[in-house]
Amino acid sequence: MRDADLAIGAHHPRPAKDWHLPAPYDWRAALAVLLIALALIWSGNRMEVGKMLSLTGEAVLSAVGVQETSQVGRGLGRMLGALLPLVIEDRQEVARLPGLDRDALPLFTRIEMVEVTTFRMNAETLKAEPQVAVKEYLVHPFGYLIKVLGKMVETFEIAVWATIISVILSLPLAFYGARNYTPNRFTYSASRGVVSFLRAMPELIIAMFLVLGFGFGAIAGYLALGLHGAGFLGKFYAEDIEAADRKPQEALTALGAGKLRVLRAAVLPQVAPSYVAYTLYILDRNVRMAAVIGLVGAGGIGQELKGRYDTFEYGHVGTILLVIFLTVFMLDQVSARVRARLIG
Amino acid sequence: MMSGAAIFTAAQAIGGGVQPHLSFRDLRKVYPDGVAALDGVSAEVPRGQFCVVLGPSGSGKSTLLRVVNGLTELTSGRMQMGDAVLDRANLRMIRRKVAMVHQLFNLVERASVASNVLAGAVAEVPFWRVALGWYPNALRQRACEVVARVGLDGIHLPRRAAALSGGQQQRVGIARAFLLRPEVILADEPVASLDPAISREVLGLLREAAREQSATVLCSLHQTDLAREFADRIIGMRKGRVVFDGPPHLFDSAAEAKLYEGLTAQVEKPNAEERAYA
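Protein chains in written order, with our numbering: chain A, 918 to 1261; chain B, 3 to 280.
Because the hints were derived from the structure by calculation, they are not lab data.
For every residue, glycine included, the Cβ atom is placed at its ideal position computed from N, Cα and C.
Be a bit skeptical, because a hint or two may be false.
[Said to hold, decoys possible] For lysine to aspartate or glutamate, the following DMTMM-like pairs were computed, each having C-alpha atoms within a straight-line distance of at most 20 Å:
hint	chain 1	residue 1	chain 2	residue 2
1	A	Lys1176	A	Glu1159
2	B	Lys99	B	Glu185
3	A	Lys1064	A	Glu1230
4	A	Lys1052	A	Glu1032
5	A	Lys1176	A	Asp1162
6	A	Lys1064	A	Asp1007
7	A	Lys1164	B	Glu75
8	B	Lys99	A	Glu1167
9	A	Lys1176	B	Glu126
10	A	Lys1164	B	Asp35
11	A	Lys1052	A	Asp1018
12	B	Lys241	B	Asp35
13	A	Lys1052	A	Asp1020
14	A	Lys1064	A	Glu1006
15	A	Lys1176	B	Glu75
[What the hints assert, rightly or not] Label pairs and their in silico Cβ distance ranges:
hint	chain 1	residue 1	chain 2	residue 2	range
16	A	Ile1122	B	Asn92	51 to 61 Å
17	B	Ser216	A	Arg1163	30 to 40 Å
18	A	Ser1191	B	Gly42	39 to 49 Å
19	B	Asp35	A	Arg1163	18 to 28 Å
[Stated by the list, open to error] Derived list of chain A stretches under chain B, where covered just means 3 residues or more per stretch with a C-beta under 8 Å from a C-beta of chain B:
hint	region
20	1155-1166
21	1178-1191
Okay, chain B solo, but in the shape it has when bound (with noise of 0.2 Å):
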């Protein structure tokens, strides 16, 4: 395991001194079970940078995305974005700046793929607009301009999400995320249920999509090859625990064998959850 001065000093390097876009203090989340799947988890993330989490299942790495907007409460630490601390005040606030990615795209399937596109910005118009599925002009028109980013045409756009294929239902998911222009993504082992070379494709178009806006993302990952080649930045877990922190050419074999020791007989095949989509 790292030391708390090794670890601070990895991010500094990364960071270079600039304020903290992310900040994670402590952060403690014991379920009532007694599983704490956050075990002290302290780090800082700069603006822009393309952060893996990667660890095994069960690590608590989803639960540290889930903290960042407040899907999962902590049980003690302190969740910091720029200078708003995340508590009940400012959680709405701190969710519209926020965007998620999720493992298995969480669309709605029965409607197309511009509705589900558009559902990205309905906490930020009125209500009535909502209702009727009316969404204002420059909101639609921007909502094309995102389907048209995340490699997809305007043919898709009536169409149904369950009539895409799984990698297009995830750039669906990132047009929804990238609708609003957020400061923060959250991935949530965005490719784990699709193929290996879709997957690549799905994260370089996450990548290349935040840093055009210089959004920070926060992403998680179970596989080290892919974590390689995306992050500009890993940070391993291990049962709630930070065990590495630095960038992908510090995290060599002894880094991903301390990450997964012990556990080669639990480690997450990625075959498993793959799904043959085109």
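Here chain A stands alone, though its shape is the one from the complex (with noise of 0.2 Å):
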């Protein structure tokens, strides 16, 4: 036997010079680039991205003082302009506040003399005549920060509860939408129609018709965003069953475990770094969603948002700017953390 095994090189039937190893690429590969490309012109043209390409360039120009003004530099600096000076203090017009005792203010709140200018019709001369008005305001110097921040946390709690939501509505899906655990094709496509469907639909939409349902408020927000959720995890959970090792869940097969058994015991512990990962994504996903499904009244900081752009308040839609993205950056540290203590 150990003869053969030496001269089974020398028996093969045909010698190496007339073996053909072929080139990685061929023509049909070459075909596929071409067309590729050919779509991106026509889609490139449609798009405007030349239009998008000079301008751009145009802005960088004119920021390093090549050329003296741009158009998307004008209307870029007047919005940085507008958001900026930051509003984070809260103020409230003395005369509005009936009950305040001025020995006893709240903490860290001060009182303001502002003068105001109108200009009033004099009856007499039928001009406007400018009129100065002492006006006295309550100001808590972080009070809006404060009240930012606390619909920061209501959207926050928003995302958990969408992500439990997700998390739960998905791990059934996921079971039967992956096709080795699924117990017949009906199920299998059954599932996988609903996953398709309540990733297809934008949250924002379903939150708009939950909100109809459920009222204004957060109830509708994390119903939203869960569902969405949902569709996400739903096929990717049921993906990486199916792409999970089969070798462990065969053994525990042939032990006589069931299917749920071998899913805990043998498929699990493989899918564990991904499934992770992708919860702290919806996780994350949803804290930003959150945002933005407030515009239609699914509550947290969407709403707050919405007034204050509505109204003009721009310093105002600055602070909530930078207390979502800072929120964001700080969960990507907190997940990358959580993430490299299960998974490594």
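Could you fit the two chains together into a complex? Lean on the hints.
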């Protein structure tokens, strides 16, 4: 037998010089690249990619001082200028606070006098004349920031509950949507259909419908995000189950274990790292989207954002955007650590 | 080829008239593409025997093993374990008495040695225990015993299976198989991916551990030297048929030549699949 092993090379029917190792690309690959390039050129025209590049180029040139002005630079500059300075204080007219005790102001607050000039029509001269009135404001230096942070906490709660709902809904969807675990073709198609539907419906639209049913507030928000997230998690959970190494699953099946036990003992340990990653991504996405669906009255910081934007209070808008950014950034740091700990 | 009568006599000589533990009656397995992996296999294996199924790749030895625990469904024929005929109704019951050791170990690589071994009881404990990974105390103690029995140490318990060498991984596979004191061990090419020295250690361990609890072992191999060294009995298979059945001392070079005749170029090379594990 050993001799036979050694002789195997020599016994091969064809000498190596007759072998053929094909090139990695052929004319079909070239054709595919050509077709994709043509499609991108066609689409690039429709999407005004050329204009985008020239305007961006101008903006960059004007920013470094080569060119005097640019349309994009002016527009963006105006917008950024409006967002700054960020408003973090909260001010209320004292006249509208009848119960205010001037000798015992709330913590950190102060009273500010502001001269307000208004123009009134003088009935005799028929001219607008300036009138100076002094208004008193109760100012809380961080009042608005605290309010925004409170809204952000509410937004985060919406995101957490949405994630919990997504995970709970997507576990059965993943089981029925995994080709190697679903009981029959009907359950497979049904699960895949539900998952695609949930993913296809934009959360903004789901939230609008749910607001009609559940009223304004957080319920519509986390239900909408939870349903959409289930469409995402159901798909990826299922595909990971399908791709998991079959060998340990066969080993446990051979021991007489049923499907659920095999899933728990042989599949879950394999897919756990990616499940953690997907779920943290959904949490991250829910925090961001919770800010958006607030626009349709589904609670959270988005509702505040929409209100300030509609009343042109861009300083407040700036504060909100900054708080959202810092929250997402912090969440990213935390989730990176959680993943490292769970996966490592 | 041996005559049917000769096979019968050889089996009688080995079995010594005791009621067979496993009995195969005219097993046939034809795959949808028309290939007959088993083409009329009959044999009886007495309790406690270390029976090696020997043959070149594609001879049907893996299929024969997989018939015993129902991983492969028979086209025709009858597999019997004790008094129980393998069918859909008592498949679970038979699987619980049969453990398997796999060529590629089939461990959950990311899971710890301890949970891989405990997974051997996954069909026996309530589902909530499986779900929480919280196995009963007695079982955890038993897991420690079998891990010690296969020559691993307590420090290996929390390690990931992937962090072990190939030989150690197969020891974990054997520990998992022995966890619930099975009556029958099916070892499907258990050493095909191990180097020769480790192969001898692992096969010796498998034989001793099985003997201690008088488990019957059906072990497929393609290395004739290992088969001669470890088997109580050799069943030689070729193209789905039994061409030799007898004790190792009767498996002479003529029998070996018959088993591999005309297959020299296709003989599975042990070296090709070996991985250099320490």
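So, going through the hints one by one against the coordinates:
This hinted pair checks out: A:Lys1176 and A:Glu1159 have alpha carbons roughly 13 Å apart, not beyond 20 Å. The straight-line distance between the Cα atoms of B:Lys99 and B:Glu185 is roughly 5 Å, inside the 20 Å bound, and the hint therefore holds. Under the criterion of a C-alpha separation no larger than 20 Å, the hint pairing A:Lys1064 with A:Glu1230 is consistent with the structure, at around 15 Å. Distance restraint check for A:Lys1052 and A:Glu1032: the Cα-Cα separation of roughly 6 Å lies within the 20 Å cut-off, and the hinted pair is therefore satisfied.
For the hint linking A:Lys1176 to A:Asp1162, the alpha-carbon distance of about 15 Å falls within 20 Å, and the restraint holds. Note on A:Lys1064 and A:Asp1007: the hinted pairing holds, with a Cα-Cα distance of about 9 Å set against a maximum of 20 Å. Note on A:Lys1164 and B:Glu75: the hinted pairing holds, with a Cα-Cα distance of about 19 Å set against a maximum of 20 Å. Under the criterion of a C-alpha separation no larger than 20 Å, the hint pairing B:Lys99 with A:Glu1167 is consistent with the structure, at around 16 Å.
Using a Cα cut-off of 20 Å, the hinted pair A:Lys1176 and B:Glu126 holds, with the two alpha carbons roughly 14 Å apart. Distance hint between A:Lys1164 and B:Asp35 is unfulfilled; the C-alpha atoms sit about 24 Å from each other, more than 20 Å. For a cut-off of 20 Å, the pair hint linking A:Lys1052 to A:Asp1018 stands: about 17 Å separates their Cα positions. The straight-line distance between the Cα atoms of B:Lys241 and B:Asp35 is roughly 15 Å, inside the 20 Å bound, and the hint therefore holds.
Restraint check: the Cα-Cα separation between A:Lys1052 and A:Asp1020 comes to about 18 Å, which is no more than 20 Å; the hinted pair holds. Only pairs whose Cα atoms come within 20 Å are accepted, and A:Lys1064 paired with A:Glu1006 is accepted, the gap being roughly 10 Å. Annotation: proposed proximity of A:Lys1176 to B:Glu75 holds, straight-line Cα distance about 19 Å (limit 20 Å). Hint check: A:Ile1122 to B:Asn92, Cβ distance near 54 Å, so the stated range 51 to 61 Å holds.
At roughly 32 Å, the beta carbons of B:Ser216 and A:Arg1163 sit within the given window of 30 to 40 Å. Distance hint for A:Ser1191 and B:Gly42: a CB-CB separation of about 47 Å, consistent with the stated range 39 to 49 Å. The supplied range of 18 to 28 Å is met by B:Asp35 and A:Arg1163, whose beta-carbon atoms lie about 21 Å from each other. Under a criterion of three residues with beta carbons nearer than 8 Å to beta carbons of chain B, the stated coverage of the region 1155-1166 of chain A is upheld, 3 such residues being counted.
With 9 residues having a beta carbon nearer than 8 Å to a beta carbon of chain B, the region 1178-1191 of chain A meets the requirement of three or more and the stated coverage holds.
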